[in-house]
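Engineer: Sequences are here, hints too, so could you generate the full structure?
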Amino acid sequence: MDIDTGVVLAAGEGTRLRPMTQNRPKPMLPAANRPILEHVLDALVDAGVSELVLVVGYKRDRVQDHVGPSYRDVPVEYVVQDKQLGSGHALLQAREAVSGSMLVVNGDRIVDEGMTRSVAAAFDGGTALGVIREQNPGRYGSVEVAGDRIVDLVENPTEPAFGFVNAGIYAFTDAVFDRLEATPRTDGTLPITDTVLREIEADEGAVRAVEVSGLWADATYPWDLLYLTRRLLEEGRVRGTEQHPGVYVSPSARVHGTATLRPPVVVDDDCEVGAGAVVGPNVSLGRNVTVGANATVVGSVVDTDTRIGVASTLVETVTGENVDFGAGTIVAGGPGDVVLEDRVFRDRELGAVFADRVRTGGRVAADPGTLVGPGAHLHTGVTVSGRVGAGAEVTR
Amino acid sequence: MCGIIGCAGRGDATLETLVDGLRKLDYRGYDSAGVALAGVTGVDVVKKAGKIDALAEALADEDDRPAGTVGVGHTRWSTHGAPTDANAHPHTDAEGRVAVVHNGIIENYQSLRDELREAGYRFRSETDTEVVPHLIARALDDGFDPEDAVREAVSRLEGSYALGVVVAGVDALFAARRDSPLVLGLGDGANYVASDVPAFREHTDRVVYLEDGEFARVTADDWIVTDADGDPVERGVHTVEWDPEDTGKSGYDHFMLKEIHEQPRALRQGLGGRVDEMRGEVTLEEFPSLSPDRVHLVACGTSYHAAVYGARLLQSRGVPAQPFFAHEYASAAPPTDGALVVGVSQSGETADTLSAVRAAMRRGADTVALTNTVESTMARECDHRLYIRSGPEIGVAATKTFASQLVALNLFALDVTPGGDDREAIAALRDLPGDVQALLDSSRAAEVAEAYADADSYFFIGRGLHYPVALEGALKLKEISYEHAEGFAAGELKHGPLALVTERTPVFAMVTGEDESARKTIGNVKEVEARDAPVVAVTDGRTEVDRYADHTLRVPETHPRVAPLLANVQLQLVAYHVANDLGRPIDKPRHLAKSVTVE
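Sequence order for the protein chains is A and B. Residue numbers are given in the numbering used here: position 67 of the first sequence equals residue 67, and the series is strictly consecutive. Just add 396 to wherever you are in the second sequence, counting from 1, and you've got the numbering used here.
The set of hints was computed from the structure by calculation and includes no laboratory data. Warning: the hint list may mix true and false statements.
[Claimed, not checked] Covered, in the sense of this in silico footprint (three residues per stretch, anywhere, with C-beta under 8 Å from a C-beta of chain A), are these stretches of chain B:
id, segment
1, 430 to 443
2, 670 to 684
3, 823 to 831
4, 834 to 840
[Claimed, not checked] For lysine-lysine, the following DSSO-like pairs were computed, each having C-alpha atoms within a straight-line distance of at most 27 Å:
id, chain 1, residue 1, chain 2, residue 2
5, B, K645, B, K922
6, A, K59, B, K645
7, B, K922, B, K874
8, B, K874, B, K447
9, B, K874, B, K420
10, B, K645, A, K83
Beta carbons: idealized from backbone N, C-alpha and C, even for Gly.
Structural biologist: Here's what the structure looks like:
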């Protein structure tokens, strides 16, 4: 059946991705050289929706500025979720904007367009949910399936299990809004799964399971952005013209004749790559990035407007927007221990994370696993490790 | 300003198409609206003073609903006669055979009116337009066919016009233009006429631009462009790119705020492919290499402030350059003396600017159109074109297009005076979109606006390249908040305007860098501080100006040429928030129009 509307839940910050989310929500973080959200919108447009509704909240101007009033000729309407009270509460905010059938997805998880198409095709007027058959590491909701019907949903499984994982792709009619209203909140929040469970409890077999497969990836922690970028580069899901196999370069980018681009790599609009620089493999340069002469960038995602000083080396590095690296910056790459909130993640393949507008002087070095907060200023010659706070001034 | 829409071939949807078209034109500013459909025996007209909603309400009455499949509609911005139902367009002849909508000004209307009255034609409005339907009716009485009757009537007109005409019993729409834009839209089984593409953009992207002195006859499945003698003229069909959805607000309350936030993107578009930092070069597509001995920049309103900035920039690079108000330049042009004349107009249709550029062309000057609108009249008439590539701007108060104009003027200045080491300036331009984003992410302009929303007056001071930004900051605030504001060259304050300064007149001072100009402006800040005026410093923090300021609005550090663009974004936000706190209709301020197409 045709689905009228695609609803994207894009109101949350994504706190585990701090400090990258200081100025924008997680759906706007880079997955290769496009924000995660664009991949999500593509999957909905490819599934044939005729309008898009974006539920926005945290730093919503950044979503609105980027997507604008339409996406690939499909009109976009925005609704605001002021408080983050769960996915069901977010969807409920779209009530006035949606009539008829809808596909609902998360704005921060990349799904293959084949998945949204499958769920849309299986939709017959009753609720349908995309499920993936795979080992659940415990970080996704798990689903119990009998035939093509859903029997049970567990939002936060306590232990890893083999079976089906909730792909987070729902098809509903607008009757879902009444059911969401009627669902009691748990600790003040309302997950969509609670409403789906109530539907199953009231009518066993009411919710259809649609097995889907394909690219399905999200970022929970900052180093996941490197993984996402690698996956998307492998599949060629990047914006740019393929000049050689695996080398994608925008026509407006300027790459010096003596620079080397090693596939897979993408160089976005207005970038400048200086003489003798080596970029790749597994590197994404976002829009208007500058790579100084003789710099080396490997296995990294470099976001919009960042400048990499001459003779710098960045390995397994994640940068936010408008980071300014002085000459001879060294990030030697993982593995390293990463400290997030109160947890330590051991031996992660992460060189370092530099959030938006970090500035470094010359010859700054970062130990593996370092997280540098937005706007921090690392003065000439310092070596940083662990966590550096937002706006910090670090001197020798 | 006034808007025209006409269509043939929409069947029962004709009325709806006209009213929708008028809504799409509503951003131009207007004070009355109306439609006319051609019936078999007469034209059916409904028109109302006020908003399009008032017209829609009048049309909702089923019994009086006009019927017909060819029609015209109009939004009027008063020039001759008050905004009343009678003065609204369309205008008709006495018998109701002909209905006319008109943009522009008929300069000889008084003598035509006298002549027609003497011949027994009765007038019902105070408008200049009404002479047109009477002239057409007289030609019909004299035996002309409808198309020739329009041509005969137009031959009597002096002044500027874009005309849309329907005649009872004729399933065609007639159009004519001189010095006021008009464009045909070619649809599938239906064709359109409008003053501006958005009016019919949802129906088609294929358009034909009419030139001055041309006529068009449009039916459901055919169109023809002719000259004054009735001979056919070959006209190319263009495909327009702007998406109709670009006129949505993207979740913002106002177009103005949306457009302020769109600046990083607009600036990227304006710079894309044009700057090369590695080589320190600028390349402008389809723009010749010019090395003018002198430059005259002609413009009005916000574009004039861009012209002041552009002139200073060129002067700093050794090119004698002067900004002029276009309306003054048109009526009292200085010696061109071999100057390259640059018309700066967002729309490319600003009548005063066109008139100035034409005056320069008559004197043999080489001309450049610096505009946002491809295929606009100015772009087509000038010798060279430099597009600012800002994307459509709907808010009446110009924001992103001003920023894009300043970027384009930087590119122009670099292009016409090559040779120096411009890498630093080019690097600063490349950093500009990210710097604007940084500013937008952290601006405290809303707090400043709240603190001073009830001030008596607002003053803006700046020196050098910050002077035009002071002028623009004041204009923006005036336009949308209706509060009194003035911009001054910082050094001029003590020569008079200082007498206006009190504890109820906040003074916004632009201070960036730490050169002599910054130090002198700090001296001016101390002057107003000593007179108890609240001071808002717009600064990159390089100097101690915040010590003398009650509030500080920070801008990222950058090249001195680029700093004014950043300061301006803070002032745009202040103006927006002051107007919003006062509950003003921000996107459509009273008495103002987006592009001013009358002189």
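Engineer: Quick one, are B:K874 and B:K447 close enough, alpha carbons at most 27 Å?
Structural biologist: holds, 23 Å
Engineer: Can you confirm whether chain A covers the segment 823 to 831 of chain B, using C-beta to C-beta distances below 8 Å and requiring at least three such residues?
Structural biologist: Holds: 5 residues of the segment 823 to 831 of chain B have a Cβ under 8 Å from chain A.
Engineer: Starting from B:K922, check that the Cα of B:K874 is at most 27 Å away, please.
Structural biologist: This hinted pair holds, its Cα atoms lying about 25 Å apart.
Engineer: Are there three or more residues in the segment 834 to 840 of chain B whose C-beta lies closer than 8 Å to some C-beta of chain A?
Structural biologist: holds (count 3)
Engineer: Does the structure keep A:K59 and B:K645 at a Cα separation of 27 Å or less?
Structural biologist: holds, 17 Å
Engineer: Is B:K874 within 27 Å of B:K420, Cα to Cα?
Structural biologist: Satisfied, since the Cα-Cα distance of roughly 26 Å is no more than 27 Å.
Engineer: Does A:K83 sit within 27 Å of B:K645, going by the straight-line distance between their CA atoms?
Structural biologist: Holds. B:K645 to A:K83 sits at ~23 Å (cutoff 27 Å).
Engineer: Closer than 8 Å, Cβ to Cβ, for at least three residues: run that test on the segment 670 to 684 of chain B against chain A and report holds or violated.
Structural biologist: Holds: 3 residues of the segment 670 to 684 of chain B have a Cβ under 8 Å from chain A.
Engineer: Assess, step by step, whether the Cα of B:K645 is no farther than 27 Å from the Cα of B:K922, and give holds or violated.
Structural biologist: violated, 42 Å
Engineer: Is the coverage entry for the segment 430 to 443 of chain B by chain A consistent with the three-residue Cβ rule at 8 Å?
Structural biologist: It is violated: at least three residues are needed, and the segment 430 to 443 of chain B offers just 0 whose Cβ sits closer than 8 Å to chain A.
Going down the numbered hints, you'll see the structure goes against 1, 5, while the others check out.
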